[in-house]
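Participant: So the protein lines, in turn, are chains A and S.
In case it helps, the numbering used here puts the first sequence at residues 438 to 871.
In case it helps, the numbering used here puts the second sequence at residues 164 to 499.
It is worth saying that the hints were derived from the structure and are not from the lab.
Please read all numbers here as calculations on a predicted model, not as lab measurements.
Please note that the accuracy of each hint is not assured.
[Unchecked claim] Covered stretches of chain S, as calculated for chain A (at least 3 residues, CB under 8 Å):
| no. | segment |
| --- | --- |
| 1 | 211-221 |
| 2 | 260-274 |
| 3 | 279-285 |
| 4 | 290-300 |
| 5 | 409-421 |
C-beta: ideal position from N, C-alpha, C; glycine also.
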Amino acid sequence: MNETLKNTGLFAIVGGLIIATGFMQSWNSAILIINMGLISAIMAIGVNLQWGFAGLFNVGVMGFVALGGLAVVLVAGDFTPETWSAGGFGIILALLLGAATVTAAVMISKKMAKGRARTIAMLAVLVVGFVVYRAVFDPNVAAVEAINPAAAGNIGGLGLPVLLAWPAGGLLAAGAAWLIGKTALGLRSDYLAIATLGIAEIIIAVLKNEDWLARGVKNVIGLPRPVPYEIDLQNDPAFVERAAGMGLDPVMASTLYVKLGYSVLFMVVLLVLLWMAQMALKSPWGRMMRAIRDNEVAAEAMGKDVTRRHLQIFVLGSAVCGIAGAMMTTLDGQLTPGTYNPLRFTFLVWVMVIVGGSGNNFGAVLGAMLIWFLWVQVEPLGIWVMELVTSGMAEDSALRDHLLDSAAHMRLLTMGVILLLVLRFSPRGLIPEK
Amino acid sequence: MDFLNALVALSNFVLVPAIAYGSQLALGALGVTLIYGILRFSNFAHGDTMAFGAMVTVLVTWWMQSIGISFGPLPTALLALPFGILGTMLLVLFTDRVVYKFYREQKAKPVILVIVSMGVMFIMNGLVRFVIGPGDQRFADGERFIISARDFKTMTGLKEGLAIKTTQGITVVVAVICVIALFWFLNRTRTGKSMRAYSDNEDLALLSGINPERVVMYTWLIVAALAATAGVLYGLDKSFKPFVYFQLLLPIFASAIVGGLGNPLGAIAGGFVIAFSEVTITYAWKKVAKYMLPESLEPSGLAQLLSTDYKFAVSFVILLIVLLFKPTGLFKGKAV
Numbered sequence: 438m439n440e441t442l443k444n445t446g447l448f449a450i451v452g453g454l455i456i457a458t459g460f461m462q463s464w465n466s467a468i469l470i471i472n473m474g475l476i477s478a479i480m481a482i483g484v485n486l487q488w489g490f491a492g493l494f495n496v497g498v499m500g501f502v503a504l505g506g507l508a509v510v511l512v513a514g515d516f517t518p519e520t521w522s523a524g525g526f527g528i529i530l531a532l533l534l535g536a537a538t539v540t541a542a543v544m545i546s547k548k549m550a551k552g553r554a555r556t557i558a559m560l561a562v563l564v565v566g567f568v569v570y571r572a573v574f575d576p577n578v579a580a581v582e583a584i585n586p587a588a589a590g591n592i593g594g595l596g597l598p599v600l601l602a603w604p605a606g607g608l609l610a611a612g613a614a615w616l617i618g619k620t621a622l623g624l625r626s627d628y629l630a631i632a633t634l635g636i637a638e639i640i641i642a643v644l645k646n647e648d649w650l651a652r653g654v655k656n657v658i659g660l661p662r663p664v665p666y667e668i669d670l671q672n673d674p675a676f677v678e679r680a681a682g683m684g685l686d687p688v689m690a691s692t693l694y695v696k697l698g699y700s701v702l703f704m705v706v707l708l709v710l711l712w713m714a715q716m717a718l719k720s721p722w723g724r725m726m727r728a729i730r731d732n733e734v735a736a737e738a739m740g741k742d743v744t745r746r747h748l749q750i751f752v753l754g755s756a757v758c759g760i761a762g763a764m765m766t767t768l769d770g771q772l773t774p775g776t777y778n779p780l781r782f783t784f785l786v787w788v789m790v791i792v793g794g795s796g797n798n799f800g801a802v803l804g805a806m807l808i809w810f811l812w813v814q815v816e817p818l819g820i821w822v823m824e825l826v827t828s829g830m831a832e833d834s835a836l837r838d839h840l841l842d843s844a845a846h847m848r849l850l851t852m853g854v855i856l857l858l859v860l861r862f863s864p865r866g867l868i869p870e871k
Numbered sequence: 164m165d166f167l168n169a170l171v172a173l174s175n176f177v178l179v180p181a182i183a184y185g186s187q188l189a190l191g192a193l194g195v196t197l198i199y200g201i202l203r204f205s206n207f208a209h210g211d212t213m214a215f216g217a218m219v220t221v222l223v224t225w226w227m228q229s230i231g232i233s234f235g236p237l238p239t240a241l242l243a244l245p246f247g248i249l250g251t252m253l254l255v256l257f258t259d260r261v262v263y264k265f266y267r268e269q270k271a272k273p274v275i276l277v278i279v280s281m282g283v284m285f286i287m288n289g290l291v292r293f294v295i296g297p298g299d300q301r302f303a304d305g306e307r308f309i310i311s312a313r314d315f316k317t318m319t320g321l322k323e324g325l326a327i328k329t330t331q332g333i334t335v336v337v338a339v340i341c342v343i344a345l346f347w348f349l350n351r352t353r354t355g356k357s358m359r360a361y362s363d364n365e366d367l368a369l370l371s372g373i374n375p376e377r378v379v380m381y382t383w384l385i386v387a388a389l390a391a392t393a394g395v396l397y398g399l400d401k402s403f404k405p406f407v408y409f410q411l412l413l414p415i416f417a418s419a420i421v422g423g424l425g426n427p428l429g430a431i432a433g434g435f436v437i438a439f440s441e442v443t444i445t446y447a448w449k450k451v452a453k454y455m456l457p458e459s460l461e462p463s464g465l466a467q468l469l470s471t472d473y474k475f476a477v478s479f480v481i482l483l484i485v486l487l488f489k490p491t492g493l494f495k496g497k498a499v
């Protein structure tokens, strides 16, 4: 019981911090912290599946999160028939051709006997395949990008409800993870790290440069939302009346209402995933995973297929990150590939998992809420500290200006210090694995 | 004549930039590979160590420029480089004492050290941004070109020009000096030999009385020197921006792994393999093809295989191919 009490206490402290934000700053920023904290918690559950359960070192979280964001554009974006007739099908055909080329090359390398003939056949298939692919791909892309380039110029989405995009984001991320896992798992652990780091950069590069897909750095804005718009609420007399009844002005009430709506949705997803992760952890499957993590050789000797299990959990964990990514893009209402930064989307999630307690799902959730709170609050805190430090200096001192300007960069420093301190003095995290 | 023109165009746009970039990558990969060989973990903080070294150098360069010290036609940064190296050495020794030493004594698993290096990366990244800000900084001065395109054209009468930037020349010269010094150190000196022995077989080395802490200290000192030099050379050649150094991590790791982790010779080879593939695959070959092919065969497009934005993808794909077909790298590296 003691342990439950301690854990509840820890969650209560984080909750208290957020409530304090509500009283001292504003309720809008407090709920904003909760919303992003919930999304971060889902990402942390995904990473915890891979690292905590199976000991897989995935530093490509950013890529899966971005794929989830892409899914929102592809599923919920406006359906535009003219782009499909212009070149959408051509692009898909080209992509299929590309995939067929790679598959053929892989088949050759597996089926043919080793030797010069195999090398030549593989190269021939790859070169011919690449030329054909570019020949089909380029004109179709040009055709799609030519349609209304100022506002669209991409293939658009399916126009489905945005909530459907969340599982779709998970599927997209899972597909990518399967491809990566198939090649990089089974190699050494550091190699998986480098491979995932690389694939994340590549996914971002694709999102930034393939304008036909999601407009690249021109961003997709105005994605549909699962909750009403503030302006509609403000124009709704019934809502205004209810707000007035609670003593709130309509603008404030509508923003809070919308944000709380998101919170409820995110909370539902988080609870479902948390429940599933807990069940998985307690099941024979979860015990097997931990057995593999703790001693691969012994697990293999017991007849467990280590590579297959690793692939399985790698795909699952990445899918969870993809869902979180889709939720984040939905919350933002826009996809901005330029803002994906590995420090924020990969390494920060790692800090969350390790601080919270790797191997423990509740730990991951707690770590995510706490670290996200700090990530948001360190900046104003840093500025406040800097103002205190520089208060004795002359008004026009260059050092004073520099210190005040640099306070914003305190975040990374603080996160690094927190990570190192936890690793050193409490390597099992705030809520250790049982 | 057409052949010469094609050759010059090729040198100007592919060979010269790739050699300079390859030298920078090789220096970075040497640092990664040394850490891997001796301390046995992949150091994620290496890119930010490079950024730190470059930052110290930039600050000293600005100070030198402000009091009127210059290095004639060469960039002042070369004079400031020793200070950058010294600063980086102090930083990594401090990090090792405060952070890594604890885990070494605990004999922690390599993957824990990797996560620790992630924390160090955050701190160094924050430190650099805190001191110099996240923006672009220029600190190159002196003569811009060893030979400019126009001079080359008037000299040879060819249609294509060949430009070699001073920074590219310096990069190659400095890299060659560093590599020669490093290999001399590793192969000829007592400390270098003990480092190699420690890397090959830790237990045997300990039995024969090699002091591990001394080996580790020298490794960090050398890595700091290499990282600061690589960082400054890259910054001189392109420009100094903290985030770019973080992104260099991928091609640097790719170089080290392609060459064979833990193998210094492999790191150099890997650096050039990655650099040449990045540049050749993202180069628009139209210009060269124009001279080499008859008019009827001339390509209509740019004849560019991939747009330059995908250069990360190139190093990644090469990395994957090597990992799949030759997991220990081109030169035999460690497989832990």
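Participant: For every hint, state whether the structure bears it out.
Facilitator: Cross-check of the supplied hints:
no., hint, result
1, 211-221, "violated (count 0)"
2, 260-274, "holds (count 4)"
3, 279-285, "holds (count 6)"
4, 290-300, "holds (count 6)"
5, 409-421, "holds (count 7)"
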